[in-house]
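There are 4 protein chains.
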Amino acid sequence: MTNTQVTHIQIDNYGPWTVTPEPRREVDLQTLQSRLFADLSQLFGNRDAYVFFTRFDNMIAVSNGVDLDDHALIQESVANRYPVTMSLSVATGTTPAEALGTATEQLQAAGSAQDEHRREILKGRVVDEEFRTDEDVQIAHFDVNDATEKYTDQLNEFDTFIEIEQGYAELMRHMRRAHDSLAFFVGGDNVIATCPELDEADYREAIDHVQETVGVELKVGVGRGAVAADAGITAKHALEECRATGDDVTIEF
Amino acid sequence: MTNTQVTHIQIDNYGPWTVTPEPRREVDLQTLQSRLFADLSQLFGNRDAYVFFTRFDNMIAVSNGVDLDDHALIQESVANRYPVTMSLSVATGTTPAEALGTATEQLQAAGSAQDEHRREILKGRVVDEEFRTDEDVQIAHFDVNDATEKYTDQLNEFDTFIEIEQGYAELMRHMRRAHDSLAFFVGGDNVIATCPELDEADYREAIDHVQETVGVELKVGVGRGAVAADAGITAKHALEECRATGDDVTIEF
Amino acid sequence: MTNTQVTHIQIDNYGPWTVTPEPRREVDLQTLQSRLFADLSQLFGNRDAYVFFTRFDNMIAVSNGVDLDDHALIQESVANRYPVTMSLSVATGTTPAEALGTATEQLQAAGSAQDEHRREILKGRVVDEEFRTDEDVQIAHFDVNDATEKYTDQLNEFDTFIEIEQGYAELMRHMRRAHDSLAFFVGGDNVIATCPELDEADYREAIDHVQETVGVELKVGVGRGAVAADAGITAKHALEECRATGDDVTIEF
Amino acid sequence: MTNTQVTHIQIDNYGPWTVTPEPRREVDLQTLQSRLFADLSQLFGNRDAYVFFTRFDNMIAVSNGVDLDDHALIQESVANRYPVTMSLSVATGTTPAEALGTATEQLQAAGSAQDEHRREILKGRVVDEEFRTDEDVQIAHFDVNDATEKYTDQLNEFDTFIEIEQGYAELMRHMRRAHDSLAFFVGGDNVIATCPELDEADYREAIDHVQETVGVELKVGVGRGAVAADAGITAKHALEECRATGDDVTIEF
Chain E
1 MTNTQVTHIQ
11 IDNYGPWTVT
21 PEPRREVDLQ
31 TLQSRLFADL
41 SQLFGNRDAY
51 VFFTRFDNMI
61 AVSNGVDLDD
71 HALIQESVAN
81 RYPVTMSLSV
91 ATGTTPAEAL
101 GTATEQLQAA
111 GSAQDEHRRE
121 ILKGRVVDEE
131 FRTDEDVQIA
141 HFDVNDATEK
151 YTDQLNEFDT
161 FIEIEQGYAE
171 LMRHMRRAHD
181 SLAFFVGGDN
191 VIATCPELDE
201 ADYREAIDHV
211 QETVGVELKV
221 GVGRGAVAAD
231 AGITAKHALE
241 ECRATGDDVT
251 IEF
Chain D
1 MTNTQVTHIQ
11 IDNYGPWTVT
21 PEPRREVDLQ
31 TLQSRLFADL
41 SQLFGNRDAY
51 VFFTRFDNMI
61 AVSNGVDLDD
71 HALIQESVAN
81 RYPVTMSLSV
91 ATGTTPAEAL
101 GTATEQLQAA
111 GSAQDEHRRE
121 ILKGRVVDEE
131 FRTDEDVQIA
141 HFDVNDATEK
151 YTDQLNEFDT
161 FIEIEQGYAE
171 LMRHMRRAHD
181 SLAFFVGGDN
191 VIATCPELDE
201 ADYREAIDHV
211 QETVGVELKV
221 GVGRGAVAAD
231 AGITAKHALE
241 ECRATGDDVT
251 IEF
Chain S
1 MTNTQVTHIQ
11 IDNYGPWTVT
21 PEPRREVDLQ
31 TLQSRLFADL
41 SQLFGNRDAY
51 VFFTRFDNMI
61 AVSNGVDLDD
71 HALIQESVAN
81 RYPVTMSLSV
91 ATGTTPAEAL
101 GTATEQLQAA
111 GSAQDEHRRE
121 ILKGRVVDEE
131 FRTDEDVQIA
141 HFDVNDATEK
151 YTDQLNEFDT
161 FIEIEQGYAE
171 LMRHMRRAHD
181 SLAFFVGGDN
191 VIATCPELDE
201 ADYREAIDHV
211 QETVGVELKV
221 GVGRGAVAAD
231 AGITAKHALE
241 ECRATGDDVT
251 IEF
Chain Y
1 MTNTQVTHIQ
11 IDNYGPWTVT
21 PEPRREVDLQ
31 TLQSRLFADL
41 SQLFGNRDAY
51 VFFTRFDNMI
61 AVSNGVDLDD
71 HALIQESVAN
81 RYPVTMSLSV
91 ATGTTPAEAL
101 GTATEQLQAA
111 GSAQDEHRRE
121 ILKGRVVDEE
131 FRTDEDVQIA
141 HFDVNDATEK
151 YTDQLNEFDT
161 FIEIEQGYAE
171 LMRHMRRAHD
181 SLAFFVGGDN
191 VIATCPELDE
201 ADYREAIDHV
211 QETVGVELKV
221 GVGRGAVAAD
231 AGITAKHALE
241 ECRATGDDVT
251 IEF
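Protein chains in written order, with UniProt numbering: chain E, 1 to 253; chain D, 1 to 253; chain S, 1 to 253; chain Y, 1 to 253.
Think of the hints as simulated: they come from the structure by calculation, not from any bench.
Hints may be right or wrong, so weigh each one.
As the list claims (entries may be wrong) - Lysine-lysine pairs mimicking BS3-like chemistry, simulated, CA-CA at most 25 Å apart:
no. : chain 1 : residue 1 : chain 2 : residue 2
1   : S       : Lys150    : Y       : Lys123
2   : D       : Lys123    : E       : Lys150
3   : D       : Lys150    : E       : Lys123
Just so you know, these numbers come straight off a predicted model, no measurement behind them.
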C-alpha cells in the first residue's frame with residue numbers, strides 16, 4: 001500500500017512579477033525558471049526526493065523523507081538566492097492524486113497564486129517516521145519504443161516532438177483519470193509517474209490505451225521504495241530489463 | 001515575408017550516456033538538462049535569439065542574427081563545461097517548419113543521435129547579412145485566459161496542468177499542420193510560437209480551434225522583427241494590450 | 001576541545017585537462033570552477049557543512065556531520081554533471097591543521113594530482129557519531145573595521161583589494177603558524193576561519209599582529225557547535241554584536 | 001601602446017543585504033556570489049572580455065569591445081535573475097590602473113557602496129571604435145614553476161595554499177606599484193594580469209622580485225590583442241611555450 005508524500009511548490013506572485021514594471025526578457029525568465037528547477041532538483045534530490053518541473057511556476061515533488069524543517073531550509077535557501085520566493089504545501093495520501101489534492105487545497109486556502117501579500121507559505125504534514133515503509137512510493141518509468149529509429153533519426157524534430165507530446169498528453173491524462181497517478185515528461189522520450197498500488201495488468205492497460213488512442217508505443221519499468229530515489233533507480237533498472245527481454249512491462253518488486 | 005533561421009540543437013549520444021555504465025541518478029540528469037538549457041538560453045539570448053527546451057536532449061532555437069562562428073563558440077563553450085557535447089544544424093526557410101525540416105535533415109545526414117562516433121557536428125547556413133529585414137521573424141505569445149482564477153486557484157495542480165497541457169498539445173499540433181509554425185510551452189500558462197507571415201484571421205482561427213476541440217480559451221499578442229528578441233518583446237507588449245482591451249488577438253506591426 | 005572533520009577536495013588531473021588538446025577559453029574555466037564550488041557549497045551546505053573555494057582545483061570543507069556515504073553521493077553527483085571528476089579525502093583532528101594534514105597525506109598516498117590514472121579517490125574516516133559534541137567545531141568570522149568608509153568609498157578598487165588581500169595573507173599565515181587554524185577569504189572584507197580551542201586572548205593577539213604588521217584593523221565574532229553551520233551562524237551574530245558594542249572580539253559561547 | 005577599457009562592477013548595498021533582517025546562511029551567500037561571477041564571466045566572455053572575481057561584491061573586467069548598450073543589457077539580465085542589483089562604471093586609460101582609477105571614482109561620485117538609494121548606476125565611456133587597435137590589451141599569464149611537484153603533492157593543502165597566496169600577494173602589489181598593472185589569482189597556481197606596454201625586462205624584473213621576497217618561482221606568457229580574449233589565449237599559448245623551452249618569460253607578439 002503506497003503512502004505518497006507530495007509537495008506542491010508555487011512561486012509567489014510570479015505572473016505579475018514577470019511583467020512589472022515592464023515585461024521582462026524572455027531568455028532571462030527561461031534561465032531563471034530552469035535554474036530554480038535545477039536547484040530544487042538538487043535540494044530535494046539530496047534528501048532522496050524527486051521534483052518535476054511541471055509548469056515551472058508550479059512544481060510537484062514526491063517528497064517522502066523530507067520533513068517540515070527540511071522544507072523550511074529549502075524555502076530559505078531559495079529566498080537567499082533568487083529574486084522571487086516560493087510557497088510550499090505538503091500532504092500525504094494513499095494515492096498521489098489524493099495527496100496533491102490536499103496539498104493544493106491547503107495552499108489555495110492561504111491565498112491566491114497572484115496575491116501580492118501571500119508569501120512563503122509553509123503548510124502541511126509529512127508521513128510520520130514510525131509509519132514509513134518500503135512500499136510508500138511506487139515509481140513507473142516509461143519510454144517510447146525505438147524512439148530514435150522511428151522518430152528522431154527520421155522526422156524533423158518538431159514532428160518527433162509532436163509524437164512524443166501527443167503520447168505524453170494521452171498517458172498523463174489516462175494515468176490521472178484511471179489510476180490516480182501523476183505522470184511527468186522528463187526529457188527525451190521519457191515519462192516518470194508516481195503511482196498508487198498498481199499491478200502489471202494496470203500498466204499493460206495504460207500502455208494499450210495510449211497505443212490505441214494516439215499510436216505511440218510505450219514500455220515501462222516499475223519500482224518501489226521508502227523514498228522516490230530508491231523507487232526511481234529500481235524503475236530505471238527495470239526499464240533496462242525491458243530493453244533486454246523485449247517485454248513491455250517489468251515490475252521489480 | 002518571414003525568413004526564419006532555425007537551429008536544431010542535439011546532445012550527442014545522450015540516451016546511451018545516461019545509462020552507461022549504470023543508469024544515472026534522475027535528479028542529476030534533470031539538473032544537467034535544465035542547466036544546459038539555461039546556459040543556451042543565455043548564450044543564444046545574448047545574441048538576440050530565442051531557445052526552446054523542447055525535449056531537452058533536442059532543442060530548437062530561432063537564431064536569426066547568430067552566425068556560424070557564433071554557433072561554433074557556443075558549441076565550444078558547452079564542451080568546456082559539460083560532460084556531454086552537442087551538434088548544431090542551422091537552416092533558413094520562408095516558414096519555420098521548413099527551416100527546421102532542413103536543419104534536422106542535415107543533422108540526420110551526418111549520423112544518428114545515438115551514433116557514438118558522431119560528435120559536435122556544425123552544419124548549415126544563415127540568412128545572409130544583406131538579405132536580412134525587419135520582417136524575418138514573427139513571434140506569437142499565447143496565454144490562457146484567466147488561468148489563475150479558473151484553474152490555479154480552483155483545481156489541484158495536476159488537473160490545472162492537464163488543462164494547460166491539453167490546450168498546448170492541441171495548439172502546437174494545429175499551428176504545425178495548418179500554419180507551418182512551431183509552438184512551445186514556456187511555463188505557467190504561456191506558449192510562444194515562431195510563425196510565418198500569418199494575419200489576424202489565422203490567429204483567431206487557431207484560437208477558435210483550440211476552444212472548440214479542448215475547451216481552453218487563449219489570447220495572443222504578435223510581433224515581428226529582424227531577430228527573435230525584438231519580435232518577442234513586441235509580442236509580450238501586444239499580449240498586455242489584449243489584457244487591457246479584452247481583445248483576444250493583438251498584432252503589433 | 002574541538003574535533004574538526006576536514007575534507008580535502010581535489011579535481012582529478014585538472015591542470016592537464018585545462019590545456020588538452022589546446023588551452024581552453026579562460027572565461028569557461030572560470031565559469032566551470034565557480035559553479036563547481038557553488039554546487040559543493042550547496043551539497044555540503046545541505047548537510048550543515050562549510051566549503052571554502054581555496055584554489056578552486058583544491059578546496060577545503062569543514063565536514064562534521066557528513067559521513068562517507070554522503071561524500072560518495074556528492075562525488076557521484078559531480079561526476080554526473082561536470083566534465084571532470086573529484087577525489088575526496090576525509091580526516092579528523094584536535095586542530096583543523098592536523099585534520100587537513102592527515103586528509104592531504106591520504107590523498108597524496110593514492111597518487112599525484114596530475115596522475116591521469118588516479119580518479120575519484122574516496123578515503124578517510126569521520127568523527128564517530130557517539131563521540132560528537134557541541135564543541136567539535138569553532139568558527140571565527142573576521143571582517144575589516146570600516147572597510148566601506150576607509151577603503152571602498154575612498155580608494156580605487158584594486159588599491160582597496162590590495163589592502164584587504166595583504167590583511168588576509170598576513171592573518172591566514174599567522175592563524176596557521178601560531179594557532180593551527182585555517183582561515184579563508186570569503187568575499188567583501190570577510191574572512192572565516194576554522195579554529196581549535198582558542199580563547200579571547202588568542203583572537204586579540206591575532207588581531208594585534210595583523211594591525212602591527214600590515215596596518216589592517218580587524219574585528220571578530222566566534223561561535224561553536226557540533227557542525228560548521230551552527231558554529232558559523234553563531235559567529236556571524238557575534239560579529240554583529242561587535243558592531244553594536246564597538247568591541248573587537250565577541251565570543252558567543 | 002595599450003588602451004585598456006576597465007569596468008568596475010559593484011553589487012549595490014550588498015553588505016547590509018547580507019545581514020537584513022538577519023545574517024543569511026553563509027553557504028547561500030557563497031553560492032550566490034560564485035554563480036553571479038560565473039554568469040558575468042559568460043556575459044562578458046561572450047563579448048570577448050575577461051572578468052575577475054576580485055572581492056565578489058566588487059569585480060573588475062577588462063572590457064574592450066563591450067559598449068554601453070552591452071553593459072546595460074548585462075545589468076538588466078542580472079537584475080532579472082538575482083535578488084541583488086549591480087552598478088557598472090566603465091573607463092579607459094593608457095594603463096589598466098589609470099582606467100580602473102577613473103572607473104572607481106565615477107562610481108564613488110554616484111554614491112556609497114552601502115547607500116541604499118544608489119542602485120544600478122551605469123556610467124562611463126568606452127574606447128571609440130575608430131581608435132581601437134590590436135595593441136589595446138596586454139595580458140600576462142603567470143603560473144608557479146613545478147607547483148604540483150614542489151607543493152601540491154608534498155605539503156598539506158593549506159601550506160601549499162599559503163605558498164601560492166604569499167606569491168600572489170607579493171606579485172599583485174608589485175605589479176600595481178611598479179607597473180600600473182592589475183593582477184588576479186584565477187585558481188590553481190595561476191595569476192592573470194592586465195598590463196600596460198611592458199617588455200621582457202619588466203616581466204623578468206617582476207619574477208625576480210617575487211623570487212627574492214617570498215621565494216616563489218614564477219614563469220609568464222604574454223600576449224596582446226584588441227580584446228582580452230585574443231590577448232589571453234595568446235598568453236596561454238606563450239605560457240605553454242615556456243613549459244616547452246624552459247624559459248621563464250615568453251612574449252608572443
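Now the hints, each set against the structure:
1. S:Lys150 with Y:Lys123: Within the cut-off at roughly 23 Å; holds.
2. D:Lys123 with E:Lys150: Roughly 23 Å between the alpha carbons, so the hint for D:Lys123 and E:Lys150 holds.
3. D:Lys150 with E:Lys123: Roughly 23 Å between the alpha carbons, so the hint for D:Lys150 and E:Lys123 holds.
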